[in-house]
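K.L.:
Guided by the hints, dock chain G onto chain D, whose structure is given.
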Amino acid sequence: MNKERYLRQITLKGFGSAGQQKLKEAKVLVVGAGGLGVPVLTYLNAMGVGKIGIVDNDVVTLTNLHRQVLYAENDVGKSKALVAAQKLKAQNSDSELIVYNTYLTKENVLEFVRNFDFVVDATDNFPTRYLINDACVILNKPFIYGALHGYEGQVSVFNFEGGPTYRCLFPTMPKENELPNCNEHGVLGIIPGIIGNLQALEVVKLIAGLGTMLSGKLLIYNGLDQSCQKIKFYAKPENLKIKELQNFYEWYEPCTIYETVAAADLSKLLANNAQIVDVRSFKEYKAYHLEKTLHIPIDELESNLSMIDFQQPVYLLCQSGKRSERALNLLKKQHKGKGLFSILGGLNQYLAICS
Amino acid sequence: MNILLFGIAKDIVGQSQLYFSEGEDAPSTVLELKKKISEKYPEFRKLTSLAIAVNSEYAEDHVSLNGFDEIAVIPPVSGG
Chain D
1 MNKERYLRQI TLKGFGSAGQ QKLKEAKVLV VGAGGLGVPV LTYLNAMGVG KIGIVDNDVV
61 TLTNLHRQVL YAENDVGKSK ALVAAQKLKA QNSDSELIVY NTYLTKENVL EFVRNFDFVV
121 DATDNFPTRY LINDACVILN KPFIYGALHG YEGQVSVFNF EGGPTYRCLF PTMPKENELP
181 NCNEHGVLGI IPGIIGNLQA LEVVKLIAGL GTMLSGKLLI YNGLDQSCQK IKFYAKPENL
241 KIKELQNFYE WYEPCTIYET VAAADLSKLL ANNAQIVDVR SFKEYKAYHL EKTLHIPIDE
301 LESNLSMIDF QQPVYLLCQS GKRSERALNL LKKQHKGKGL FSILGGLNQY LAICS
Chain G
1 MNILLFGIAK DIVGQSQLYF SEGEDAPSTV LELKKKISEK YPEFRKLTSL AIAVNSEYAE
61 DHVSLNGFDE IAVIPPVSGG
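Sequence order for the protein chains is D and G.
Number 176 in this note's numbering belongs to position 176 of the first sequence; there are no gaps in the numbering.
Number 20 in this note's numbering belongs to position 20 of the second sequence; there are no gaps in the numbering.
Isolated chain G, as found in the complex:
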C-alpha cells in the first residue's frame, strides 16, 4: 500500500511516501490508517485536521482501503 505524503506529513515522516506491506500490517480503513500513522509517528497526534484521499478522492474515516489504492495524506497548510 503506497501512501503519498504532503505538507507537514512529509516533514514528520522525513520522506514523500510511506509503504505498508500487504497482510496484517496494512490498515483496512481510513481510520485505521490514521491510527497506524499516529502510532508510528506520534507527531501526527497533535494535528487537529488531517484529510485523507483515496484514489484522488477525499475519504471519510469509514472508507475501506485495499492494496491497490493510491492514498494521500493531506494536512492543512497555512503559509502565504
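Chain D with its partners taken away, still in its complex shape:
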C-alpha cells in the first residue's frame, strides 16, 4: 500500500494506518452504477477500498450525464459497469474491480453477495431493493441503502448487528406504477451526488469502525431547505429470519429497461447510427419518417423480433411516445438486451424542438 497516497486520511485522528489497512482489506459490492452508484464507487475507490464489485447492465444515455458524473459524452451507448471500471482503474490502479455486467437477479444475487463484506444499494427500483434486502438477511451482510425522490433522499444502514432491515420500515413491496421513478419524476443532478456520498461515508465508517452507524435510523435529507430528519425505527424479528429468497420478486424487471430518452437526444442517436425502431403504422411511416430508422409496426413487433439486434440498445419511436412505451413493455417481456428505451414524446416532440 502506498502510504503517501493516503497520508491525509492516515493523519486523521481516529482513522490512521489501521483504518487505511481495513479499507484495503474490505470487499464492497455496489449494486447500480447510476446516480447513487457513481459517487459511491468514485469515493470508495479513491479512498482505497481494496475490492469493489460493480453490478449494472445498463448503458450510458445522454439523459444520465447531468447526474452520473463519471461518464462523458463519448460514453453514451456503452456499458456503465465497464466504463465505470475503466475510469476507476485509472483513478486508483491498486483496487481490484469486479465487473458484473448484468442485472441483479434472484438467480445471481446470493453468489455475488457472498463474495463481499457489505452491499451498497444504489439501485433505482423496488424489486432490486427487496432482493438485496432478502439476500443480505440470508447471508448476514449489512447493506447501505440510499434512495431518491425529487429534491429528497433517504439513507440508512440495514441488517447491521441485528438491527432492522428495509422490510422493518416498508414491509411490503410497492406495486408497479404505484410510485414514480427518476425517469418519470425527474431528479436534480446533485441530489444523488449528496445521497450517494452519505452512503459512501456510512460504508467507510462501517469498515473502519468509526462513529455511530445509521442503523435503526432513517435519515431523510431535503435539499430544498438543507434539512435532515432522523427517524428511529426498530427491528421486527420476523424480518431477520428470512432463510430463502421469495419465489417471485413481483414485477421484477429492473426499471432501467423502462428508461426513456428525451426526443431532443434523437438527433444525437441518429448521428451515432443508433438502432431506432419506428413502431408506427405503414401509412404513417410512408407519410413521414426519419432516415436510418427500422420500421416494424407495433402489431407486428412480436412476430418480427429477429429484425432487431438485441446486442445493441434499442430505441423505440412512435408519434407521441405512447405506442413506443407499449412496444417497450412487449419487448421487455421477451428480451433482456443491452437496454430498451422509449423516446419520450416521440416524433411530435422531436419535430417541435429539433426542426
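No lab work stands behind these hints, which were simulated from the structure alone.
None of these values were measured; they are calculated from a predicted model.
There are no misleading hints in this set.
Where chain G lies over chain D, by a calculated footprint (3+ residues, C-beta under 8 Å): (1) 24–35; (2) 117–130; (3) 148–160; (4) 230–241.
Just so it is clear, CB atoms sit at the ideal spot from N, CA and C, and this is done for glycine as well.
P.N.:
Below, chain G without anything else, positioned relative to chain D:
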C-alpha cells in the same frame, strides 16, 4: 396537529406540511391518521406501504397521537 410530508406524500398533497385542527377533526391514532389522509387525498389509497413517525420515531397503527406530536408521513422512494 402538524404533519410533515415526505416523498410522494408531499406531491399528492401539494405542500410539505398538513394541519389538523384540534378537536373532532384531529386523528387520535396512527391508523386514524392514515384513514383521514386517504379520505382527504384518495391517491394515498394506492400506496402499499406508508411509514408514519411520531416525534421522530417509527409508529405502528395503534400508537396514539396528541396535538403536540410532530408527525411525519414517509412513503418509500425508489429513485437512484
